[in-house]
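Peer 1: First to last, the protein sequences are chains A and B. At position 253 of the first sequence (counting the first as 1) the number is 253 in the numbering used here, and the numbers step up by one without a gap. At position 50 of the second sequence (counting the first as 1) the number is 50 in the numbering used here, and the numbers step up by one without a gap.
Do not rely on the hints blindly, as some may be mistaken.
[Said to hold, decoys possible] The calculated lysine to aspartate or glutamate pairs, modelled on EDC-like cross-linking and capped at a C-alpha distance of 16 Å, are:
id	chain 1	residue 1	chain 2	residue 2
1	A	K614	A	D598
2	A	K60	A	E88
3	A	K164	A	E256
4	A	K513	A	D573
5	B	K35	A	D747
6	A	K513	A	D496
7	A	K1007	B	E46
8	B	K35	A	D667
9	A	K1007	A	E411
10	A	K513	A	E550
11	A	K1007	B	E37
12	A	K994	A	E1037
13	A	K214	A	D1048
14	A	K97	A	E42
15	A	K1207	A	D1177
16	B	K35	A	D1092
17	A	K1007	B	D47
18	A	K608	A	E588
[Stated by the list, open to error] Stretch-level coverage of chain B by chain A, calculated; a stretch enters the list once three of its residues show a Cβ under 8 Å from a Cβ in chain A:
id	segment
19	8–17
20	34–48
21	57–64
Simulated from the structure, these hints should not be mistaken for laboratory data. Please read these numbers as outputs of a predicted model, since none were measured by experiment. Note that the Cβ used here is the ideal one computed from N, Cα and C, for glycine as well.
Spelled out from the first residue to the last, the chains are:
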Amino acid sequence: MGLSQPDAASQGTQTILFTDLEGSTDMRIRLGDAAANQVFNEHDQLIRFQIDAGGGTDIKGLGDGFMALFTSANNAIDTAVSIQRAIEERNAANPDKPISVRIGINSGDVTYAKGDAHGTAVHAASRVAAKAQGDQILISQVVFDLAGSLGPTRVVDRGLFWLKGFPERWRLYEVLWRAKDAPGDRTARAVRDASARAFDPSSPRSAGPIVGRKRELRAIEEQLAATTSGLRALVLQGEAGIGKTRMLEAAVDLAETAETPYLTLDVAADEELRGPFLLFRSLLNSPRVAAIAREAMALEPVDRARDAIGGRSTDGDEGLSPQEKMLRIFDEVASAVAAFTRDRPVALLFDDLQWADEDSIQLIRYLVRTLSTAPIFLLITVRPYSETSAGSDKLIADLDRMRVTQVLRLERFNRVETGELLLNLLGAPVDDQTLQSLHARSEGVPFFIEELARAYREADALQLMDGTWTMTRLSGATVPSSVQSLIERRLAQLSDDPRALLADAGVLGRRFKLSDLAPVLARIRNETQRQDWELAEELDMAVELGLLVEEPEGSTYDFSFSHDQIRASLLADLPRRRQQAIHGAIAEVLGSREDEADLSMLAYHSMKAGDSEKAVSCALEAARSALIGSAPEESIRIVDTTLPAASEPAERIAMLRVKDDALAVLDRGMDRIANLAEMTALTSAVASPELETEVKLRRASASRATEDYEAAVDLAAGLRSIAVDRGDLELELEACLELGQALTRSDIGEAYWPLGEVDLDAADEAYSRALELARELGSRAKEAVALRELAVIEGGRVRRSIIAAEEEGTSRFEILAMGPTLFTGAKELAEQAFKIFEELGDQRGAMSALISMAYSHVTDPTAHGMAGRIEHVRALHNSRRGQVTDSQRAKEDALMLFSIHTYARLHIQPDLALLRGREAFEAARGLGDRWLEALAAGGMSLTYASFGATADSIAWLDRAASAAMSVPSTSMARRVEMWRGACSAARGESEEVKTHFERAIDLAGTKNPAGQAEAYCALAMETCKLWASTGEAALLERAAQAAHDTLDATGFMRGQLPWESVAHAVLAVVADADDRREEAEEEARIALSTLDGLTHILHFVNVLWAAGRVLIGNQAPEANDMAQQIAQGLGYLSMNIIDPEIRSKWFGVEAHRELAQLAGFELPDYLGSSQEPADLDEHELALLREITSRSYETKHDQTEVTDLLSKLGVDSETEAIEYAIKAGIRWR
Amino acid sequence: MAVRVVIDRRRCIGAGPCIILAPSAFQWRQGDFVKPELLDPSTVDEDLLREVVAACPTQAIVLEEVLDPVSSDI
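Put together the whole structure using the sequences plus the hints.
Peer 2: Listed below in structure tokens is the structure:
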């Protein structure tokens, strides 16, 4: 073969390839030694040949595999592909003796000594291979990076994996070596192969990465590491199908690959087989234990234990009492386990302990007590509720008392995790609708997710379209038989009576009340009504079996089915006539109560009972009241459910009308058009002119909702002519209002000012006519509406004239000075509208009028920005509120202050944020609202941290934490950790940053994926910045990991997520630090292109910093443009920070300073120097502010103004405004 | 009980704290006026939604207590 050995005791960077022959032991048993040896020899020759041909250095054979070193990552990958292809060819020629090899590749520093290679990288490579399945090639991130462009070879990201002995998860990629066809087909085929493999019953489940169980994996590792000081235990609770066994398999994997590998003994209790010591009988009699006993030289104690449990008497056994015999068994088993622990730690893993026999549980309790100092890891999985769990409860209590256990409850998956699991199973993502459907059907139970995905795959209901799995038949897919049988097995444990009761209850719904069930049963079974408690007692067993869940106290319902499939299974066995009769009985019971809340239920049950008339009338009433109660989705659902029962055109029209109203609230234009099509068709059937015009009006509004404004204008104008012809003033009013909205392209009450292309004259004409008609018809509400829209149109005219003046060269300060007079007309109209809305008690209308007023006040929309407008709204709101109590007023003001604080903080106006934040904090304290107090204080802490004022940040953090203590919740705890993380970052404390953000990640948990993503993102960026200032390599690695975690966390969330951009920005810095320039620039570009800088300005600064380092730092093609844009942005930002001290502190923060340097930006002189008008008293300051903002309508004395102008040394109000802005007194 | 998020676009002035604080729950709506629409409120916890409500300068976001959607799943 001519394989060369590398030089002795040398060191270097190498790519390490591990191969492992799968199932070699089984093959020996199956084929016999001679035939198996022949296959092994073939395998050895084949692999040695390929390694040699690929330029690898064969270091050693490992029995079932090889380790080889390569100087090139690409050569290692090519060799791996050649190996798999050669094996494929070999298997084609020997179909009766196929072999299958897993390959793992990693790169890193390797030390050669005594003909062997050592080093962390070598360990990792073997762990990577262990993660592969047969026929699979997995490579680590570093190999992926080193390989660069892989040419025709395709690689897919397989996600993050725990590799034993490594603290962080590793991202592994699969090399798709079967690629032979066109690139598109290759990917599709590889994905299909991967998904077929995932569903292959012979393929070990533990091979894939574990989804959503980070906390549990960490607990297993912690407990495994802690057994050096004695027995440690972990109890995993969870319902059927939640993945307890999967976690147990992962624990076995972790224990066997630990630094000091554990002897693992695992056994599962069986639901149907019971008997004395059955759990330990099956354990001790397994071939695996025999092998382990041989290895641990513990054959004798194991034999004795086996004999004792099997009842085979030994010397001196005869005279013992049953109790003494029992103790003897306990002792023998304890000795056997103790013998196992002599050389290595032992992991004892018991699955499904709820089914274990009492003797075995007693024995485990005995072992725990007698072997408490032995290096034993005990893992128990158990269902949280079960009739047979009394013994296991005692065991858990024992462990708890000994303080050696953690009890964790496995939760159902959220949608994000469901998506992740499906990706792992299917090898490619599923589309949104499919994810939604699978998640809803499985309700996040992992086993159901897997089985549904498998059933759909087998039925070809899932198709791989353009790299994404899409469900082709969203309805009609059946429940997988595996799920069915799991449920059937659970139902089979119920005796007949409770099962029949449960089935009847199922007709009531997923959730039900005993007070509904009792009278229904009395009717249907012709019996006297039973007491609620009697029924509850009968349902007890269903609760114990986990079929039913008791609703918490205070809920509307008493019980719910733990999964809807359980109810579906029960109903499937219930004869249709009986179901119909029960529905009828429910309708009778509900009908006798005349409870409005139950109308939709009444409609549904009436329909199911066959009473269409009652169903329709109830549904209509229910749908209308749902709409009034602002529950449009519910309204639509009621209509959709009951519409099939409505046969008369009038009934259908009434229902479609309610549905259109509901769809309008939800802004679902296209659905409205479809819904109105049926209404239009029915119109001709009933021949009603009123209905015809109504439908046209509705169509005009629906056209607007689909942005088909031309159609909307045509329809509205047409209706207006019809109204004029008929002399129908009311219809004309409606048509004019509709026309106005179509012309301004905005719903009533929603526009701030008309946009460029709006025909203001036409809109003005339509609304003016509407105003006339409303007054003539005495409709105050519509009068107010028309006035408000006319105010907006008038404001729009003024804006257009200002823009024109500016284009002609009028200065911004001059325009500011002209302010008040220009907008008088608009303000008067808005004011009139506001008064009418107030009179009518229409709060929404009043607010929309206030907002239009606020917009009229802002002469120059760019001078104050949104913060200014919010302040205007607040001022107007305070001055004009009508009949509200003092406490309401105080509450509203506190919220408004907090909102301005938040806005300013999120838009980097720290001075305004501090001012309003403190006020909000005090207002919240005054109100005793500790929640708002905590939030305001936390916001203050963040604001101070943002410009490096760490002492103040800490002081406010303490206030926040103290307030948070009064309103404890996981969410609040998470917030406090986020604030602490940010504060630690400002202080440069990298370990604290890690601790706090990681706690926030834990606290967010699986129920709050956005919270997790946010915390990962903060950890990534802050750590990255700390690396930039300290140069500590470990920080860079940590930042990179957190960035990957961020992307993992956001992978299944929709929307434009700033966290993703930040993660890419961090990865850009990481790649740049590793001299992977091309990748760094690419990441930087992705970061910039995926972030809306105007919305997420806080994140944007960070992303600019990171991307700027890479792109400007490396003189990338866009460097100059980017520098220019950053400089411009920083200029705008510096104008927004009015307080010169805070401004210079903000620009003094290391990352901000670096950003300014990269962009060549310097703070303008006049902004840098404080022009503090120290000699102005409070009154004068207030006057100057009024002049500047033009937002208050106080009439001030002209002499006061003149005095002020001379004091400031300026000649006009315009110059005063200029002075005030430069001096930064806007918010003081 | 669960909560339903309702955006009142008449009160909304498009300041956007909802989108900044909860970018997976809210997004900008298509159209002429920059106002938000709901994306996926289930990705965030209820307390954050309450913060979003408090941070909206015009109180244009309302949380309504509703029965868990499952309950109406008859």
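Peer 1: The structure should be examined with respect to each hint, and the outcome stated for every one.
Peer 2: Hint-by-hint comparison with the structure:
Pair hint K614(A) plus D598(A) holds up; C-alpha atoms about 13 Å apart against a cutoff of 16 Å. Annotation: proposed proximity of K60(A) to E88(A) is violated, straight-line Cα distance about 24 Å (limit 16 Å). Of the supplied pair hints, the one linking K164(A) and E256(A) holds, its CA atoms being roughly 9 Å apart against a limit of 16 Å. For the hint linking K513(A) to D573(A), the alpha-carbon distance of about 22 Å lies beyond 16 Å, and the restraint is violated.
Simply put, K35(B) and D747(A) have alpha-carbon atoms about 12 Å apart, close enough for the 16 Å limit, and the pair holds. Annotation: proposed proximity of K513(A) to D496(A) is violated, straight-line Cα distance about 21 Å (limit 16 Å). Our distance criterion of 16 Å between C-alpha atoms is met by K1007(A) and E46(B), whose separation comes to about 10 Å. For the suggested pair K35(B) and D667(A), the alpha carbons sit about 13 Å apart, so the restraint of at most 16 Å is met.
Restraint check for K1007(A) and E411(A): satisfied, since their Cα atoms lie roughly 9 Å apart, inside the 16 Å limit. Between K513(A) and E550(A), the direct Cα distance comes to roughly 11 Å. Compliance with the 16 Å bound is thereby established for this hinted pair. For the hint pairing K1007(A) with E37(B), the CA-to-CA distance comes to about 22 Å; that exceeds 16 Å, so the pair is violated. Proximity of K994(A) to E1037(A) is assessed by CA-CA distance (about 12 Å); at most 16 Å being required, the pair is judged to hold.
With a CA separation close to 13 Å, the supplied pair K214(A) and D1048(A) stays within the 16 Å bound. Simply put, K97(A) and E42(A) have alpha-carbon atoms about 11 Å apart, close enough for the 16 Å limit, and the pair holds. Restraint check for K1207(A) and D1177(A): the C-alpha separation of about 11 Å stays at or below 16 Å, so the hint holds. The suggested pairing of K35(B) with D1092(A) holds, with an alpha-carbon distance near 15 Å, which does not exceed 16 Å.
Proposed proximity of K1007(A) and D47(B) is supported: the alpha carbons are some 12 Å apart, at most 16 Å. Restraint check for K608(A) and E588(A): satisfied, since their Cα atoms lie roughly 13 Å apart, inside the 16 Å limit. Given as covered by chain A, the segment 8–17 of chain B passes the check, having 10 residues with a CB less than 8 Å from a CB of that chain where 3 are the minimum. Check result for the segment 34–48 of chain B against chain A: holds, 11 residues qualifying (beta carbon to beta carbon below 8 Å, three or more required).
Given as covered by chain A, the segment 57–64 of chain B passes the check, having 4 residues with a CB less than 8 Å from a CB of that chain where 3 are the minimum.
Going through the hint list in order, the structure does not satisfy hints 2, 4, 6 and 11.
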